[in-house]
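Protein chains: 2
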Amino acid sequence: MGKGAIVTAHPLAGGQRCRQVALPGRALPQPIRIAPPNIPPAPSSSLLFSSGSLASRCYPSIRSIPIPLSRSAPLRPLAAAALVPRRVGAARRAISRRRVGALLLLLQNSKCSNLSLKSTSKRQKKSYVTCASAAVQGQKQTPLTGSQEVSGHSSSKPKKVMVIGGDGYCGWATALHLSNKGYEVAIVDNLVRRLFDHQLGLDSLTPITSIQNRVRRWKSLTGKTIQLFIGDICDFDFLSEAFKSFEPDAAVHFGEQRSAPYSMIDRSRAVYTQHNNVIGTLNVLFAIKEYSEECHLVKLGTMGEYGTPNIDIEEGFITITHNGRTDTLPYPKQASSFYHLSKVHDSHNIAFTCKAWGIRATDLNQGVVYGVRTDETAMHEELSNRFDYDGVFGTALNRFCVQAVVGHPLTVYGKGGQTRGYLDIRDTVQCVELAIANPAKPGEFRVFNQFTEQFSVNDLAKLVTAAGAKLGLDVQTKSVPNPRVEAEEHYYNAKHTKLIELGLEPHLLSDSLLDSLLNFAVQYKDRVDTAQIMPSVSWKKMGAKPRTVSV
Amino acid sequence: MGKGAIVTAHPLAGGQRCRQVALPGRALPQPIRIAPPNIPPAPSSSLLFSSGSLASRCYPSIRSIPIPLSRSAPLRPLAAAALVPRRVGAARRAISRRRVGALLLLLQNSKCSNLSLKSTSKRQKKSYVTCASAAVQGQKQTPLTGSQEVSGHSSSKPKKVMVIGGDGYCGWATALHLSNKGYEVAIVDNLVRRLFDHQLGLDSLTPITSIQNRVRRWKSLTGKTIQLFIGDICDFDFLSEAFKSFEPDAAVHFGEQRSAPYSMIDRSRAVYTQHNNVIGTLNVLFAIKEYSEECHLVKLGTMGEYGTPNIDIEEGFITITHNGRTDTLPYPKQASSFYHLSKVHDSHNIAFTCKAWGIRATDLNQGVVYGVRTDETAMHEELSNRFDYDGVFGTALNRFCVQAVVGHPLTVYGKGGQTRGYLDIRDTVQCVELAIANPAKPGEFRVFNQFTEQFSVNDLAKLVTAAGAKLGLDVQTKSVPNPRVEAEEHYYNAKHTKLIELGLEPHLLSDSLLDSLLNFAVQYKDRVDTAQIMPSVSWKKMGAKPRTVSV
Chain A
1 MGKGAIVTAH
11 PLAGGQRCRQ
21 VALPGRALPQ
31 PIRIAPPNIP
41 PAPSSSLLFS
51 SGSLASRCYP
61 SIRSIPIPLS
71 RSAPLRPLAA
81 AALVPRRVGA
91 ARRAISRRRV
101 GALLLLLQNS
111 KCSNLSLKST
121 SKRQKKSYVT
131 CASAAVQGQK
141 QTPLTGSQEV
151 SGHSSSKPKK
161 VMVIGGDGYC
171 GWATALHLSN
181 KGYEVAIVDN
191 LVRRLFDHQL
201 GLDSLTPITS
211 IQNRVRRWKS
221 LTGKTIQLFI
231 GDICDFDFLS
241 EAFKSFEPDA
251 AVHFGEQRSA
261 PYSMIDRSRA
271 VYTQHNNVIG
281 TLNVLFAIKE
291 YSEECHLVKL
301 GTMGEYGTPN
311 IDIEEGFITI
321 THNGRTDTLP
331 YPKQASSFYH
341 LSKVHDSHNI
351 AFTCKAWGIR
361 ATDLNQGVVY
371 GVRTDETAMH
381 EELSNRFDYD
391 GVFGTALNRF
401 CVQAVVGHPL
411 TVYGKGGQTR
421 GYLDIRDTVQ
431 CVELAIANPA
441 KPGEFRVFNQ
451 FTEQFSVNDL
461 AKLVTAAGAK
471 LGLDVQTKSV
481 PNPRVEAEEH
491 YYNAKHTKLI
501 ELGLEPHLLS
511 DSLLDSLLNF
521 AVQYKDRVDT
531 AQIMPSVSWK
541 KMGAKPRTVS
551 V
Chain B
1 MGKGAIVTAH
11 PLAGGQRCRQ
21 VALPGRALPQ
31 PIRIAPPNIP
41 PAPSSSLLFS
51 SGSLASRCYP
61 SIRSIPIPLS
71 RSAPLRPLAA
81 AALVPRRVGA
91 ARRAISRRRV
101 GALLLLLQNS
111 KCSNLSLKST
121 SKRQKKSYVT
131 CASAAVQGQK
141 QTPLTGSQEV
151 SGHSSSKPKK
161 VMVIGGDGYC
171 GWATALHLSN
181 KGYEVAIVDN
191 LVRRLFDHQL
201 GLDSLTPITS
211 IQNRVRRWKS
221 LTGKTIQLFI
231 GDICDFDFLS
241 EAFKSFEPDA
251 AVHFGEQRSA
261 PYSMIDRSRA
271 VYTQHNNVIG
281 TLNVLFAIKE
291 YSEECHLVKL
301 GTMGEYGTPN
311 IDIEEGFITI
321 THNGRTDTLP
331 YPKQASSFYH
341 LSKVHDSHNI
351 AFTCKAWGIR
361 ATDLNQGVVY
371 GVRTDETAMH
381 EELSNRFDYD
391 GVFGTALNRF
401 CVQAVVGHPL
411 TVYGKGGQTR
421 GYLDIRDTVQ
431 CVELAIANPA
441 KPGEFRVFNQ
451 FTEQFSVNDL
461 AKLVTAAGAK
471 LGLDVQTKSV
481 PNPRVEAEEH
491 YYNAKHTKLI
501 ELGLEPHLLS
511 DSLLDSLLNF
521 AVQYKDRVDT
531 AQIMPSVSWK
541 KMGAKPRTVS
551 V
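Going down the list, the protein sequences come from chains A and B.
Numbering follows the UniProt record's numbering, with no gaps: position 234 of the first sequence is 234.
Numbering follows the UniProt record's numbering, with no gaps: position 530 of the second sequence is 530.
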């Protein structure tokens, strides 16, 4: 193992190791040297990752090991500064003593560092956690824009939004969108989604660069700072320090294992998914109660919590008249994977804390997201979002577009009558902003169904086939045995009016959008690995024993 | 730390240590020496506890340390034999290598040992887990009784029932009842409930002896063997070996942290409760799928999953007509503590596995249990059940009876209009047997509401006051600020017909029963610690920081 690599072993890899910095196909970051006034630079570059997390205690093979990055090492994305202890050995011991999961990325230019150090000076004695921000010397923060008008936020101080899971598919697009709209944004992420790709041998269709490069590029293009907290929200010490340091007005929580097939690979992934998602969310709730009581939780749920009942799906609650009496109760949940179930558990936990503690929360039951470009991610290739087309993380329409351009038949599972709500990723970011700008009241547990249109899988296949034909593609469709346990023909009518009422202007799935999605897939056609496309996870056949991936 | 003590540190104690064997006030067990044919006795007595469990990985301060019990040690409950490696050091290394959480209690007499060794000989190479049974040489298993008639189990082989959490309040009474009815019973328990008492400074009103003494006494009185697997079901390796060894026809799952106040003490207890309960139940589901596909899961839920809706509470499902369409859906859940929520999560997970994997399951949504004596626990003082009256684990009626006899005002929380379902512990054991004898079909997720009568807290206070007067007690009632967040006046009408239809013959809370409960409290009056009575946990004030108990 060469110097400068960050070595991370993961639960699901049985001790497999991978380089976290040297992602293949990514542009290597440029080192930035920092010497803030009055604080001598660290003698060696370091990345300190969250340690002692609940997850890592629970899954002892998850380990985040701080390794010194030699000045001469070829991979040196970050220069350590200020709060990083001079000697990594000492840091290790200190962290071990405190059991504080800590990161620090110190990318600030001296001006930014000054601010950061000033604002966090009280925390220094308690923790190694601070923020990192991409910076280009001399650039100033641009004036605030629309968000404050929408939100009625009248002071000159921007609203602070913590985006948990801000390195993921929806999280990254959201973080940029909110930053662009004038919110002060911090990303909290443990980057484990990137590790899943390594372990399962998957890759995004689009080349994506490191989160550090991403926020640095964003700063260089817009002058806007996105703070970065790298760590695991299952580690409450880490999360506490992030909350105390950033003091969010709103926390958008995407930070969960979000794939149904992933949660159905084997027992260890099922347990990981439920532990990670449920305990992570509990920790966020406790952090809000303890440190930011007014903070509005915007939690990403899923339309899959409802299942496919034979009655209309309402937004979170349903009024029931039964034996002559009436009450409005939580809409019954019928989730169909350990992942979807984890979101059901979250919803119940959040609803309780709103009632018991007065937490203000919005549960966004999101449909299937498609698309990849937003106004912000389109600004530079280093801002590109990930685009998953594989059988584990790929969502239906995205996967179909990739299949169409590489001549792979569209894989319809079973009869293809499975109907769900869908939305463009540009609407995901819009919805989250609307929720933040119009926060829930203290004690309110609010549920919005976040999608814009309903399609069956067969509908999608037909749309892609027709759009492909216009581009000269001969698109075939193949029914494959359904790896899931789900109704393949069913009634489905889900309400989704609350976000429209708040001002959502949907991007509907028109022909032109579909064309652009297909053209996008054409652009990256050469990166497609067709071995990733077919479903490899069976709901019925999943077992208790760890499943490894054959190469 | 003297020889012979079992040292266990626990998460919630911050490294606090306690003696697990030498429980104060318990009769010391007698050593039993065993030398099965062809297998030399171990040179030193040993207890090997489950190690490497998920919980212990998650909460690293939970450690179960095998410590040799010297032959000369004053506390020597168990003599090791057969499968215990000769040297404990070697055993430690072997366990460490295999990451198998294992225990072995070997209490068999030679005849029983032969059987056990024969039946488990194939497992020996794989694991250190085997069964333990209390035995008195020369005694034979008594003939099977009613259960097989009820169940229509026509073969001569008794049904095997694994009672997870069989050392607890409901679990112990159930294990004895099922054993008495002719079922072959194994108890699986990590004994952590006893540890909670140590950590919180609580104690059962009744003196209870060790689980080892309990099963030995049961054997000596009835000739019936109860096997014993000591370990943590969050440790899947341990649970797997228990399933493979015992091959249950039914698994009754009481093995959860079952106190609402305990789950509301602080963040770490909330997280512990949800992790322990949800992951433990997931593991049970995976063990059934992997090793005992036909095994019927009988899971203890709680009436608290439903909350207090303004409409009638049905048994698990409700038929809803909405916008002209009709479906029968899971009854909406509104739990009001992290404990109750954990049971909601379990119910959703179990329902999913019934659908996806064909698991057969009965969810018993139990009301508040009162009473302590059953036919079986009354047979000998060493079979006594625990009786909790404290503010954390004590249930309402039991606590009121203790308060009445010590002259402490009955503590009614708030207005006292909180209405719940109640049942006698003799009905708990009857209900579980009925569920086992009439199993769910493969793929069926069945929900029974398990209680016999509804009372408000004020109703209970009046009943206890009146019954106390007959015994010459002047019982006062005091309203104390409600530590919980709950409706104090509300509609409540919950159905509970399904168990009646299966043959439940309820023990209703008559005056005479209440008298006997009070007399029971009088019998143990001198053991009451009045400092335990008042509520000490506040739903609203709970915090993120670990809360320690003041002495």
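The set of hints was computed from the structure by calculation and includes no laboratory data.
Accuracy of the hints is not assured; some may be wrong.
With a straight-line cut-off of 30 angstroms between C-alpha atoms, the simulated DSS-like cross-links for lysine-lysine are [as the list claims (entries may be wrong)]:
| id | chain 1 | residue 1 | chain 2 | residue 2 |
| --- | --- | --- | --- | --- |
| 1 | A | K545 | B | K289 |
| 2 | A | K160 | A | K525 |
| 3 | A | K244 | A | K157 |
| 4 | B | K160 | A | K355 |
| 5 | B | K462 | A | K495 |
| 6 | B | K244 | B | K355 |
| 7 | B | K160 | A | K541 |
| 8 | A | K160 | B | K541 |
| 9 | A | K462 | A | K495 |
| 10 | A | K540 | B | K540 |
| 11 | A | K525 | A | K478 |
| 12 | B | K289 | A | K355 |
| 13 | A | K541 | B | K541 |
| 14 | A | K441 | A | K244 |
| 15 | A | K289 | B | K415 |
| 16 | B | K160 | B | K478 |
| 17 | B | K355 | A | K545 |
| 18 | B | K244 | A | K540 |
| 19 | A | K355 | B | K540 |
| 20 | A | K160 | B | K545 |
| 21 | B | K289 | B | K415 |
| 22 | B | K541 | A | K478 |
| 23 | A | K355 | A | K462 |
Handout entry: Given hint B/K415 paired with A/K289 - CA-CA distance at most 30 angstroms
Key = holds (27 angstroms)
Exercise for the section: Would you check the hint for B/K289 and A/K355, treating anything up to 30 angstroms between C-alpha atoms as holding? Expected result: Roughly 37 angstroms separates the two Cα atoms, so the pair is violated.
Exercise for the section: Take a quick look at whether B/K244 and B/K355 sit within 30 angstroms of each other, Cα to Cα. Expected result: Within the cut-off at roughly 24 angstroms; holds.
Problem - Distance restraint between A/K545 and B/K289, which requires alpha-carbon spacing of 30 angstroms or less - result: At roughly 11 angstroms apart (the allowed maximum being 30 angstroms), B/K289 and A/K545 satisfy the hint.
Practice task
Please work out if B/K160 and B/K478 have their alpha carbons no farther apart than 30 angstroms.
Solution key: violated (47 angstroms)
Exercise for the section: Compare the distance between the alpha carbons of A/K355 and B/K540 with 30 angstroms, and conclude whether the hinted pair is satisfied. Expected result: Holds, at roughly 10 angstroms.
Handout entry: Restraint status (C-alpha distance of A/K525 to A/K478 at most 30 angstroms)
Key = holds (21 angstroms)
Practice task
Would you mind confirming whether the straight-line C-alpha gap from B/K462 to A/K495 stays at or under 30 angstroms?
Solution key: violated (49 angstroms)
Practice task
With a cut-off of 30 angstroms on the C-alpha distance, tell me whether B/K541 and A/K478 pass.
Solution key: violated (57 angstroms)
Problem - Pairwise hint evaluation, B/K415 against B/K289, where the allowed Cα distance is 30 angstroms at most - result: Violated, because 47 angstroms separates the two Cα atoms, which is more than 30 angstroms.
Exercise for the section: Please work out if B/K244 and A/K540 have their alpha carbons no farther apart than 30 angstroms. Expected result: holds (21 angstroms)
Exercise for the section: Mind checking the alpha carbons of A/K462 and A/K495 for me, to see if they're no more than 30 angstroms apart? Expected result: holds (24 angstroms)
When each numbered hint is compared with the structure, violations occur for hints 2, 4, 5, 10, 12, 13, 16, 21, 22, 23.
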